[in-house]
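Enquirer: Listed below, chain by chain, are the residues.
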Amino acid sequence: MSKKILLIVEDEEDMQELMKLYIQKANLDIEIKQAFDGTEGVKIYRELMKEGKKPDLVIMDLKLPVMDGVQATKEIMKMDPDANIYGFTAYFDTDMSRELERAGAKKIIPRHEGFTKFVDEIKKFFGYQ
Amino acid sequence: MSIRQNDSFYFNHESQDYFKKIFESAPIGIIILEGTKIKMANTKFAQLTGYDIKRLQKKDFISFLPQHEDKECAKTILDGLKEDEEAECECTIEGKKGKYFVRIKAKRIGNITVMNIVDISEIRKLMDSSIQGVLIYQDDKIVYANERMERITGYSKEELLNMKPWEIIAEEYLPKLKEIAKLRQKGKIKETKVYEIKIRRKDGKIKWVFISSTTTNYRDKPAGLVTMMDISDIKTMMDIISEREILVQKIFDNASEGIFIEKVEEDKIKIIDVNDAACRMLGYKKEELIGMDVSNIIYPGDKDVPKKMLEMLEKYGSKGSIRFEGRNIRKNGKIIDLEISASWINIEGEKYIMVIARDITEKKIAEEKLAESEAIFRAVAESSPNGIFIAIGDEITFINRAFEKITGYNLEEIKKRGMPYIYGYGDKTEIKIKSKDGKIKWVIFSIKDLNVKDKRIRVGILTDVTDIRMVYETKRKFIEDTSHYFFNPIAIAKGYLELAMEKRDGERDKMLNKVKEAIERIESVVRNIVEKGEIHE
Chain A
1 MSKKILLIVE
11 DEEDMQELMK
21 LYIQKANLDI
31 EIKQAFDGTE
41 GVKIYRELMK
51 EGKKPDLVIM
61 DLKLPVMDGV
71 QATKEIMKMD
81 PDANIYGFTA
91 YFDTDMSREL
101 ERAGAKKIIP
111 RHEGFTKFVD
121 EIKKFFGYQ
Chain B
1001 MSIRQNDSFY
1011 FNHESQDYFK
1021 KIFESAPIGI
1031 IILEGTKIKM
1041 ANTKFAQLTG
1051 YDIKRLQKKD
1061 FISFLPQHED
1071 KECAKTILDG
1081 LKEDEEAECE
1091 CTIEGKKGKY
1101 FVRIKAKRIG
1111 NITVMNIVDI
1121 SEIRKLMDSS
1131 IQGVLIYQDD
1141 KIVYANERME
1151 RITGYSKEEL
1161 LNMKPWEIIA
1171 EEYLPKLKEI
1181 AKLRQKGKIK
1191 ETKVYEIKIR
1201 RKDGKIKWVF
1211 ISSTTTNYRD
1221 KPAGLVTMMD
1231 ISDIKTMMDI
1241 ISEREILVQK
1251 IFDNASEGIF
1261 IEKVEEDKIK
1271 IIDVNDAACR
1281 MLGYKKEELI
1291 GMDVSNIIYP
1301 GDKDVPKKML
1311 EMLEKYGSKG
1321 SIRFEGRNIR
1331 KNGKIIDLEI
1341 SASWINIEGE
1351 KYIMVIARDI
1361 TEKKIAEEKL
1371 AESEAIFRAV
1381 AESSPNGIFI
1391 AIGDEITFIN
1401 RAFEKITGYN
1411 LEEIKKRGMP
1421 YIYGYGDKTE
1431 IKIKSKDGKI
1441 KWVIFSIKDL
1451 NVKDKRIRVG
1461 ILTDVTDIRM
1471 VYETKRKFIE
1481 DTSHYFFNPI
1491 AIAKGYLELA
1501 MEKRDGERDK
1511 MLNKVKEAIE
1521 RIESVVRNIV
1531 EKGEIHE
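These protein sequence lines map, in sequence, to chains A and B. Just so you know, the first sequence maps onto residues 1 to 129 in my numbering. Just so you know, the second sequence maps onto residues 1001 to 1537 in my numbering.
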């Protein structure tokens, strides 16, 4: 059985690193793919989808360079209406986060709730709880 | 000249000459017959026949009668008359000069018959060619009928001559006229009477006729003489005219508008007739209005209107009616507004003015109120800070100044291009529009649809909330930026801190915990700023 794929679309390296560390700490058997802007995120999703290895979950930040999280979500949803996208953002409870949900994101994890909460949501999604 | 001897007259030679002169110069034809042979004839008879007197002697009188029935009639008279008996008949005689219609009176004296022959050709011609039907009846029989009578009744002359005179009269008139006819034939009524009656033609159709009935002398006996004129068409026309007159009168009496018939007398206009609606309109009785000078009912401010009306009628009246508005004063002093139509009419050769007036007082009041409402609406609409538009059907018919200011478009431009591009519709919805100068503006757009007399009227109100929106947007941006720029580093610091804290060292753990608490306090402040706009923990 192939490994689960998690695509993280986040422009801050420290954030990317922390998410990776916490997932590894939790011993989750997940392959992590990284994208640092919205365009890259859409590109990686498309390529993986072509290979038959589309990401099982996308973690999407909102404020991204080149293409923001809302637009990137719309692009991915257009490509794959069954895509699973979670927002992990500091813009929780703002118009932008509501836009992300309208674009197709299934959940918004507030960044201020911390990485422990973040990992709990990942575990819940992949059935580790 | 004559000697009366033993109660008989003795004619001497002198009297013979005298009577011979009378015989010769008589204005009527006289012949003396023995049997049917002419023994003597006078000059008049000779003129009638075209023969000289000598040649007439010994000629057979019957030879002058071309028609068979006349021959038979003459023979009967000549063979059947007794001494001193008289007989009369009308017949046609024919000589060298042609035919003549004559009336013959015959008397038997001894073995001779004296005939007086009167030429009635002219009279007969007149009767025959008359445009009126002529009928003579005697002894309950029609004895003469002219050609016109044939056409009127549909019976031939032969048929008529075998009928009783009342057989052509319609049943309803029969009893009276039959009685009169009988009395005429007895000579008991002589005066001429005229009637309008119905007759029944041979084909059963009923005709209206005008008859003049009198008594005449025919063949020495009273007879009835009738002249008849077919007035069926005239009667029909008169009935139609009468019905139309009644209809016109009904229309005049029952019209909802006031109708006045007026006449110009010197420099005044007088009311000649009015209908009931005119009386109700002005509050006068008919008899009060008739004969009144119209200036008495004209509003003082409109005193020149009658003069202007006459001028317009003189100028345009030949083409039809003229229309104008005016004011009258009712009997109770109330002023009424009228819509007036006036035209010339001709009644029995005289010129009158027909005025038809409709009371539009209520309509005028409504119009004034409407104009007032419109003026108020306009004042309110133009002074409103909100944009207002009105569309009737699909056409925008009004925009106020504020609408023009918000959108940048005037009414003509809106009509041509439609409403400014709208990013979304709704009922009382906040939407974005693009004004003429390309600016994006936020407006609250509310629409109300009305249905007035099957017309859709749409009223729209635009409230420019761009400034408010800008404040909101600024606030929103501040919150989003605060969220991003504060929460991100805080999240990163906390993340690493928690990882570091897993590495156990009592004192360091305590201090790291303090750091974590301090960060959490900052986080709490930032959350309050973002969520509540308040700066506190």
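Keep in mind that the hints were calculated from the coordinates and are not lab data. Just so you know, not all the hints are guaranteed correct.
[Said to hold, decoys possible] Stretches of chain A that chain B covers, calculated by requiring three or more beta carbons in the stretch to come under 8 angstroms of a beta carbon on chain B:
hint, region
1, 15 to 29
2, 64 to 75
3, 94 to 104
[Stated by the list, open to error] Here are the simulated DSBU-like cross-link-like pairs (lysine-lysine), alpha carbons at most 30 angstroms apart as the crow flies:
hint, chain 1, residue 1, chain 2, residue 2
4, A, Lys107, B, Lys1516
5, B, Lys1319, B, Lys1331
6, A, Lys117, B, Lys1475
Glycine included, each C-beta is placed from N, C-alpha and C at the ideal position.
Enquirer: If a hint holds in the structure, say so; if it does not, say that too.
Expert: Structure-based check of all given hints:
no., hint, verdict
1, 15 to 29, "holds (count 5)"
2, 64 to 75, "violated (count 0)"
3, 94 to 104, "holds (count 3)"
4, Lys107(A) to Lys1516(B), "27 angstroms, holds"
5, Lys1319(B) to Lys1331(B), "34 angstroms, violated"
6, Lys117(A) to Lys1475(B), "29 angstroms, holds"
Hints 2 and 5 from the list above are not met by this structure, while the remaining hints are.
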